[in-house]
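Kindly generate the complete structure, drawing on both the sequences and the hints.
Protein chains in written order, with the working numbering: chain P, 46 to 450; chain X, 46 to 450.
In silico EDC-like cross-links for lysine to aspartate or glutamate, where the CA-CA straight-line distance does not exceed 16 Å:
(1) P:Lys225 x P:Glu270
(2) P:Lys199 x X:Glu431
(3) X:Lys104 x P:Glu97
(4) P:Lys253 x X:Glu57
(5) X:Lys199 x P:Glu430
(6) X:Lys312 x P:Glu348
(7) X:Lys199 x P:Glu426
(8) X:Lys253 x P:Glu62
(9) X:Lys280 x X:Glu293
(10) X:Lys199 x P:Glu431
(11) P:Lys125 x P:Glu97
(12) X:Lys183 x X:Glu207
(13) X:Lys253 x P:Glu57
(14) P:Lys253 x X:Asp90
(15) X:Lys225 x P:Glu57
(16) X:Lys189 x X:Asp107
(17) P:Lys92 x P:Asp56
(18) P:Lys253 x X:Asp56
(19) X:Lys253 x P:Asp56
(20) X:Lys226 x X:Glu74
(21) X:Lys225 x X:Glu74
(22) X:Lys283 x X:Glu237
(23) P:Lys225 x X:Glu57
(24) P:Lys312 x X:Glu348
(25) P:Lys104 x X:Glu97
(26) X:Lys168 x X:Glu139
(27) X:Lys225 x P:Glu62
(28) P:Lys304 x P:Glu293
(29) X:Lys304 x X:Glu330
(30) X:Lys226 x P:Glu62
Worth flagging that the hints you see were computed from the coordinates, not collected in a lab.
Number of protein chains: 2
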Amino acid sequence: MPCGEIIIVGDEILAGEVLDTNSFELARELADAGFNITQITAVGDNKAAIQEVLATALKRADLIVLTGGLGPTWDDKTVKAVADALGLPLEINEQTYAHLKEHLERQGLQFLPGHEKMALLPKGSQPIGIAFHACGFKLLYQNKILYFLPGVPKQMRQILQEQVLPDLKGRFPHRSILFKKTLRVFGISESEVQAKIETVLSRFPEVKASSLPHFPEVHLVLRTEKEAVLQQIVKEVKAILGNNIFGEDTETMAEVVGKLLLQKGYKLATAESLTGGLISHLITEVAGSSAYFERGVVTYSNEAKIEILGVPAEIIATYGAVSEPTARYMAEGIRRLAQSDIAVAVTGYAGPTGGPEAPVGTVFIALATQRRTKVSSYHFEGNREEVKIITAMTALDKIRRYLLS
Amino acid sequence: MPCGEIIIVGDEILAGEVLDTNSFELARELADAGFNITQITAVGDNKAAIQEVLATALKRADLIVLTGGLGPTWDDKTVKAVADALGLPLEINEQTYAHLKEHLERQGLQFLPGHEKMALLPKGSQPIGIAFHACGFKLLYQNKILYFLPGVPKQMRQILQEQVLPDLKGRFPHRSILFKKTLRVFGISESEVQAKIETVLSRFPEVKASSLPHFPEVHLVLRTEKEAVLQQIVKEVKAILGNNIFGEDTETMAEVVGKLLLQKGYKLATAESLTGGLISHLITEVAGSSAYFERGVVTYSNEAKIEILGVPAEIIATYGAVSEPTARYMAEGIRRLAQSDIAVAVTGYAGPTGGPEAPVGTVFIALATQRRTKVSSYHFEGNREEVKIITAMTALDKIRRYLLS
Chain P
46 MPCGEIIIVG
56 DEILAGEVLD
66 TNSFELAREL
76 ADAGFNITQI
86 TAVGDNKAAI
96 QEVLATALKR
106 ADLIVLTGGL
116 GPTWDDKTVK
126 AVADALGLPL
136 EINEQTYAHL
146 KEHLERQGLQ
156 FLPGHEKMAL
166 LPKGSQPIGI
176 AFHACGFKLL
186 YQNKILYFLP
196 GVPKQMRQIL
206 QEQVLPDLKG
216 RFPHRSILFK
226 KTLRVFGISE
236 SEVQAKIETV
246 LSRFPEVKAS
256 SLPHFPEVHL
266 VLRTEKEAVL
276 QQIVKEVKAI
286 LGNNIFGEDT
296 ETMAEVVGKL
306 LLQKGYKLAT
316 AESLTGGLIS
326 HLITEVAGSS
336 AYFERGVVTY
346 SNEAKIEILG
356 VPAEIIATYG
366 AVSEPTARYM
376 AEGIRRLAQS
386 DIAVAVTGYA
396 GPTGGPEAPV
406 GTVFIALATQ
416 RRTKVSSYHF
426 EGNREEVKII
436 TAMTALDKIR
446 RYLLS
Chain X
46 MPCGEIIIVG
56 DEILAGEVLD
66 TNSFELAREL
76 ADAGFNITQI
86 TAVGDNKAAI
96 QEVLATALKR
106 ADLIVLTGGL
116 GPTWDDKTVK
126 AVADALGLPL
136 EINEQTYAHL
146 KEHLERQGLQ
156 FLPGHEKMAL
166 LPKGSQPIGI
176 AFHACGFKLL
186 YQNKILYFLP
196 GVPKQMRQIL
206 QEQVLPDLKG
216 RFPHRSILFK
226 KTLRVFGISE
236 SEVQAKIETV
246 LSRFPEVKAS
256 SLPHFPEVHL
266 VLRTEKEAVL
276 QQIVKEVKAI
286 LGNNIFGEDT
296 ETMAEVVGKL
306 LLQKGYKLAT
316 AESLTGGLIS
326 HLITEVAGSS
336 AYFERGVVTY
346 SNEAKIEILG
356 VPAEIIATYG
366 AVSEPTARYM
376 AEGIRRLAQS
386 DIAVAVTGYA
396 GPTGGPEAPV
406 GTVFIALATQ
416 RRTKVSSYHF
426 EGNREEVKII
436 TAMTALDKIR
446 RYLLS
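Listed below in structure tokens is the structure:
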């Protein structure tokens with residue numbers, strides 16, 4: 046498998062001012078295209094440091110992708126560092142020069158000395174990205190291919206997808222591309238997933254499996270060279286994990302719930318207390334959700350629970366706002382109001398403090414359907430944000446499991 | 046300034062399966078504490094690679110922080126790579142050994158050979174993180190300080206904050222700590238911010254200013270060695286940007302709105318259509334928000350707008366659900382229902398498609414108070430998620446500006 050390295054240039058990365066998502070995206074896309082990334086290095090806008098990192102990477106890698114330090118002012122250090130690291134002179138690239146001149150003239154702008162500098166590239170470079178008015182170039186050096194891309198994520202992505210990946214695939218036709226399937230799991234822990242599928246995995250030594258926690262989900266990624274083998278192991282893992290797998294690849298829980306609601310022609314309504322609108326926010330992240338999401342209420346105060354949902358005041362007085370009966374009345378109340386097929390309601394303590402009747406993390410989730418209302422109680426661990434997220438996801442998951450049953 | 050390097054170990058980072066947030070957090074915290082991070086390197090779970098990266102970093106840095114490859118099974122490669130890179134033998138660390146034994150006994154669990162392996166560290170190491178039941182150690186080597194932390198972000202963060210940073214500050218008392226202030230701006234663009242404060246910045250050449258886009262906010266970060274200078278420039282920038290600055294440092298828009306509501310003793314209610322609950326979700330992210338957030342409704346369907354909020358059916362029929370009059374009736378309806386001092390309502394098209402009366406991105410935001418209701422219309426650019434976020438933030442910002450006026 047061809048080995049590659051990624052180099053990220055930018056003081057803002059080393060100062061922790063900007064989260065570097067470029068290396069993540071590059072690594073994922075290159076890995077999926079069959080390249081083996083062995084190192085990612087971030088350095089500052091410092092010519093000596095860029096030069097050293099590049100020279101070291103050249104000793105190991107077949108391909109290098111570098112981003113950043115190519116700003117339109119070329120006040121950045123990457124180009125000079127590249128020229129010095131490779132021992133190449135800088136010269137005007139005619140293609141870039143002509144493009145810049147034409148582009149400026151079309152806009153009625155003057156060609157300035159600064160623009161000429163923009164066309165100055167290490168000898169032998171081919172400009173990339175000029176179609177998107179972005180600076181970038183590629184270079185063949187000692188049988189290795191080097192790409193230099195802008196650090197702006199949107200420009201980087203465009204050049205990567207439209208120029209770098211097609212170019213790389215042509216240069217390395219004999220990559221061993223791995224077929225990949227991500228199974229998204231909710232409701233059981235990472236170690237439970239591992240324990241359950243251990244035996245299956247041991248029968249497929251050619252499959253690389255990794256389970257990745259994506260709170261509060263677990264993503265099981267399976268990779269192998271043969272598509273038929275992947276299909277077989279996916280089938281066996283699905284048989285074991287069953288409904289604990291809620292989706293595949295990029296599917297979200299809310300998308301899956303939405304698809305099931307659409308299939309059945311059901312309408313959904315929500316009544317939220319501790320999640321504060323997060324459940325309906327997740328549902329309405331999905332395009333087309335207005336076809337099945339009727340309404341939601343965020344009844345944060347007792348008065349709202351009583352007035353909007355018709356929870357009897359004496360129920361709250363007797364059992365508390367965070368209780369099984371309150372959750373039940375909330376779900377039945379919103380289902381009646383919305384005249385929806387399904388309604389879900391949540392009440393609980395997200396923290397940092399609990400309440401008179403229960404400690405922080407106590408949550409009741411009620412699912413009301415035409416036939417019956419079922420309330421489940423939970424005790425979730427975590428901070429306020431985490432308790433909100435896991436409660437919202439558990440509520441969506443209850444809807445999903447009900448629709449599948 | 047002491048120079049540091051960060052090393053991240055993990056196949057999942059190089060395969061683009063997990064976004065590395067550890068290096069971002071480490072870089073930010075170390076920079077804020079007065080250390081100069083010169084390189085961040087990610088390598089796989091590969092002993093030779095870890096060894097090489099560590100040996101190279103040791104030639105340049107005064108301090109090294111490495112995360113990952115220290116899993117509880119110690120099947121990971123970091124410890125052996127460290128021992129080999131530094132030429133140190135592995136030996137049982139008595140402190141870790143005793144802690145593990147006691148911890149297991151207290152839980153009624155057996156001490157197994159695998160546990161003994163967990164106490165095996167390079168000679169001279171001091172365990173860190175055992176108080177949190179996490180693996181980690183530090184090592185003084187050739188007058189350099191090396192920290193090895195678990196890759197689990199939560200454990201990494203805890204050890205960093207409670208052990209690494211205090212330890213480092215004690216070891217390097219003569220750091221030139223930069224005083225830093227982040228001003229959070231909403232409502233004007235990054236280039237507007239730059240244009241407005243250009244003149245001020247030019248009068249403070251000793252201040253390093255960076256404006257960072259954090260969609261949909263702009264964060265203006267000011268850094269300088271003298272606290273008095275920082276205070277002066279912050280004062281001048283605030284005078285220019287005024288209420289466009291909504292918060293400082295880590296304050297969120299919802300926190301600021303919450304503080305202002307508390308100060309005035311006002312209650313808030315929300316009625317959301319396109320944002321689908323995101324506004325109330327953001328408000329209820331803040332601990333203690335139940336003191337001022339009364340209730341919210343997500344009236345996604347026309348029926349919900351009519352039934353819950355009392356929007357007249359003929360208003361929707363005549364002007365459409367996405368219109369100035371509908372937004373007005375929604376805000377007034379929820380304010381009346383909740384008997385709140387302030388109410389905000391939003392209606393619009395988040396996309397991917399628009400509607401009969403307006404294109405995608407069209408949004409109406411209404412703010413109802415005891416004195417009057419004001420509706421503003423917007424046309425936001427972006428995908429569905431972005432339109433939801435910028436609408437929710439704009440709604441919160443309208444409440445903030447009203448409370449400040």
